[in-house]
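Kindly generate the complete structure, drawing on both the sequences and the hints.
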Amino acid sequence: GAVVSQHPSWVICKSGTSVKIECRSLDFQATTMFWYRQFPKQSLMLMATSNEGSKATYEQGVEKDKFLINHASLTLSTLTVTSAHPEDSSFYICSADGVGGKTEAFFGQGTRLTVV
Amino acid sequence: AQSVTQPDIHITVSEGASLELRCNYSYGATPYLFWYVQSPGQGLQLLLKYFSGDTLVQGIKGFEAEFKRSQSSFNLRKPSVHWSDAAEYFCAVGVQAGTALIFGKGTTLSVSS
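Here the protein sequences line up with chains A and B, keeping their order.
Sequential numbering of the first sequence, starting at 91, is according to our numbering.
Sequential numbering of the second sequence, starting at 1419, is according to our numbering.
To be clear, the hints were calculated from the coordinates, so they are not data collected in a lab.
Even glycine gets a Cβ: it sits at the ideal position worked out from N, Cα and C.
Please note that a few of the clues may not be correct.
Unchecked claim - To give an idea of the chain A side of the interface with chain B (calculated C-beta under 8 Å), a few residues:
1) Pro98
2) Ser133
3) Leu136
4) Thr139
5) Gly143
6) Ile183
7) Phe197
8) Gln199
9) Arg202
10) Val206
Claimed, not checked - Keeping only pairs whose Cα atoms sit at most 20 Å apart, straight-line, the calculated SDA-like set for lysine to any residue is:
11) Lys110/A with Gly1461/B
12) Lys104/A with Leu158/A
13) Lys131/A with Gly1459/B
14) Lys131/A with Ser1531/B
15) Lys1523/B with Glu149/A
16) Lys1523/B with Leu158/A
Structure representation (C-alpha cells):
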C-alpha cells in the first residue's frame, strides 16, 4: 500500500524558534496533502490543504503566517511552525490523498511538537 | 455541512467479549467511509474502508463494519476483543477526491481482564 513518511517523529524546541515538519509520499505522487493538528484526547482538526505548486488553503482560525506550508513537489509537503510558543505544542499529522480519485487518505505517523 | 458523530466517548469491554462502536454521518449522498485506530502517541492505522458494493466490510485485526444507508451508519464490530485492541477509534468520511476526510470525535476503547 501507499506509504507516507513524516519526519521528525518528535521534536522539542525553544519558544521563539521555528520548526519544520516534513511529509513525504514514498511510493506515489500526492497532488494534495493535508495537515492536521490533534490535541490530547481529541480528534484531528484540519489545519490546511496543501496542493502541489500552489498556495495552501487554510481552515478558518488557522494563522497562515504562523503555520507555513510548502508543497514544492508531488512527494513532499512541509509545515513550518514559526516563532513557536508553548501553546503550539501538539501532535501534527499529515495525510496524502490516494490515487484513483477515491479519497483514500494515507497518513504519516505524526510529529509530537513540544515547545519549551 | 457534512459531519460524523461517534456517540460513545468511552467504552469498556471485557477481554473476549464482543464490541460494537457506533458511527453516524450526515451527508446528502453515500460518502466514502473509514475506520481508523490510533494508539497513544502514534499515527492513524486504517482498519477498513467502504467505497461501494457489499455493505459488510472486512478489515484487519478481525474487525468488520456494516454500512446501513437507511440509518446513515457505519458501525464497527469485532466478535472477540483482545487486550491489545485498547486504543482510540476514529470514524471518518470522505466526500470527494482532493478534500480532507471529516473525522468523528473518536471513541476510547478500554479492555478489562
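Here's how the hints hold up against the structure:
| no. | hint | in the structure |
| --- | --- | --- |
| 1 | Pro98 | violated, 13 Å |
| 2 | Ser133 | holds, 5 Å |
| 3 | Leu136 | holds, 5 Å |
| 4 | Thr139 | holds, 6 Å |
| 5 | Gly143 | violated, 14 Å |
| 6 | Ile183 | holds, 6 Å |
| 7 | Phe197 | holds, 4 Å |
| 8 | Gln199 | holds, 4 Å |
| 9 | Arg202 | holds, 7 Å |
| 10 | Val206 | violated, 18 Å |
| 11 | Lys110/A with Gly1461/B | holds, 18 Å |
| 12 | Lys104/A with Leu158/A | holds, 18 Å |
| 13 | Lys131/A with Gly1459/B | holds, 10 Å |
| 14 | Lys131/A with Ser1531/B | violated, 23 Å |
| 15 | Lys1523/B with Glu149/A | holds, 18 Å |
| 16 | Lys1523/B with Leu158/A | violated, 26 Å |
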